[in-house]
Amino acid sequence: MNQPILELKNIKKVYPGVVALKNVSMKFYPGEVHAIVGENGAGKSTFIKTITGAIQPTEGKIFFEGKEIVNNNPIKSLSLGITAIYQEFNLIPYLSVAENIYYGRFPQKFGFVDYKTMYKNAKKVLDWLGIDINPKTIVKDLSVGYQQIVEIAKSISMNSRVLIMDEPSAPLTNNELKYLFNVVKKLTQQGVAIIYISHRMEEIFDLCHKVTVFRDGEYIKTMNVADTNKNDLFALMVNRKLNDNFPNRNYTPQEVVLEVEGLTTSKVSDISFKLHKGEILGFAGLVGAGRTEIALAIYGADKVRSGSITLKGKRIINKSPAQAIKNGIALIPEDRKKFGALMNMTIKENISYSMLKKIAWKFGIIKANFEKKTANEYKDVLSIKTPSINQKVINLSGGNQQKVILARCMFTDCEILIFDEPTRGIDIGAKQEIYALMNSLTQQGKSIIIISSEMPELLGMADRILVVYNGKIAGELLKKDADQQTILKLASGCDGGTYEN
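Per the working numbering, residue -18 is the first one in the sequence shown, and the count goes up by one each step.
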């Protein structure tokens, strides 16, 4: 492990008005898991793209096995064995597992795709990973965890020497996460260098050998994981000490603002609960339990078969999200890139999109100055890190994308906000900001429903927690009675009790 397989020297990347990377010098070694951490916007994504050749550095050099990579590009980096698995998988959903693994490199026989050889080779790779997947299975039919394994299999089939994993655990269940760890350890035993980008401190200390901190595009420090701790790492990331992640809440139950009775859809059954003014109501449960489906039904994005929704004593029917917003209910969705933000539109356009009538004159002409003023106000209030409100959302970090969606929801002035996995894929500093904003909104009289797979988040933020199991509410816990063991017991269907609202 004396010779680095990959080395970066004095890498700098400058965009108009923004220095994305500043003089980054690093070394990566075979058989080592090297974590890269930093707040959203710290430069991690630019760093990855520089290594893979997706972007060219303004200054600096990259060396692979001691030789400089000249005019790096994605094809050249792949030929060297540098591969990356991004948060958004690069898979074709309607092709088979084998076709995805060998896409663009299909084995051929007499000018045609040699499917027999392709399936055989794919099976060998999957067997090596210790995963029982039929290579003929269509990718869209796999769970997110298995889709990630297909991405890893694709990298292995390319004889990966350096594997970059960008937030690999974000969409995974606990069991899938354990399997991912085993695969990573197996790869390092084969001499693969792993560059592991993650916001989850537990993973860094459980899995990684070294950790490097980025802040504001700058390389700050590389350490052996064994020689640091969570508090010191956080201090380096954000240049401040780690305080309690969650704001102090002294919630006193107030009047009921939302009452759901017997709500039934194709995915959930007989859902009943009440939400009070100024309350944060948490929804816990395993992946696929039906939490998101409850939110979609309330928000008018899923058809309700039976049951009722009452808002401030008045029964409402939300047949569409637009109608829900009109009635005062907004949703910050789980998949912000697919359903939340308009990625190729600007920050300004995203904030005003859901309330065009509010910013337009009688004949549909936008009040440009009002739109600009509003966007700048939310940019300042929510601390959205961007050089301009005219920046496209796709160019923002995950935490800042989430803030743009939140700004849009705040602009609607809805009284009920539903947060579905609000901090997935964002860093600790951004999480604290989101938590503080949620607390501030409830102090203004707003009511919040939070759906989260992160147990500390629910225990730290929710005043009450409803646990969902198999499309039904399995139990209710007050903050003082809630703990991880009790929630998991209910979420796994082990309690056997029934919930009555």
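Treat the hints with caution; some may be incorrect.
[Stated by the list, open to error] Derived DSBU-like pairs (lysine-lysine); straight-line CA-CA distance at most 30 angstroms:
no.: 1; residue 1: Lys105; residue 2: Lys202
no.: 2; residue 1: Lys42; residue 2: Lys117
no.: 3; residue 1: Lys258; residue 2: Lys117
no.: 4; residue 1: Lys258; residue 2: Lys105
no.: 5; residue 1: Lys30; residue 2: Lys3
no.: 6; residue 1: Lys48; residue 2: Lys90
[Unchecked claim] What follows is a list of derived Cβ distance ranges for each label pair:
no.: 7; residue 1: Lys42; residue 2: Asp213; range: 27 to 37 angstroms
no.: 8; residue 1: Pro234; residue 2: Val125; range: 32 to 42 angstroms
no.: 9; residue 1: Asn220; residue 2: Ala303; range: 19 to 29 angstroms
no.: 10; residue 1: Lys121; residue 2: Ser287; range: 42 to 52 angstroms
Source of the hints: derived by calculation from the structure; they are not laboratory data.
For clarity, every value in this text was computed on a predicted model and none was experimentally measured.
A virtual CB, placed ideally from N, CA and C, is assigned to each residue, including glycine.
Status of each hint after checking the structure:
Distance hint between lysine 105 and lysine 202 is unfulfilled; the C-alpha atoms sit about 40 angstroms from each other, more than 30 angstroms. With a C-alpha separation of about 42 angstroms, the suggested pairing of lysine 42 with lysine 117 is violated against the 30 angstroms cut-off. The hinted pair formed by lysine 258 and lysine 117 fails the criterion: a straight-line CA distance of about 52 angstroms is larger than 30 angstroms. Annotation: proposed proximity of lysine 258 to lysine 105 is violated, straight-line Cα distance about 57 angstroms (limit 30 angstroms).
About 15 angstroms separates the Cα atoms of lysine 30 and lysine 3, which keeps this hinted pair within 30 angstroms; it holds. Proximity of lysine 48 to lysine 90 is assessed by CA-CA distance (about 36 angstroms); at most 30 angstroms being required, the pair is judged violated. The given range of 27 to 37 angstroms is respected by lysine 42 and aspartate 213, whose C-beta atoms sit roughly 31 angstroms from each other. Taken as a hint, the range 32 to 42 angstroms holds for the pair proline 234 and valine 125, whose Cβ atoms sit roughly 37 angstroms apart.
A hinted range of 19 to 29 angstroms for the beta carbons of asparagine 220 and alanine 303 is inconsistent with their spacing of about 42 angstroms. One distance hint, 42 to 52 angstroms for the beta-carbon pair lysine 121 and serine 287, is violated here, with the actual separation near 30 angstroms.
Violation of the numbered hints given earlier is confined to hints 1, 2, 3, 4, 6, 9 and 10; the remaining hints are satisfied by the structure.
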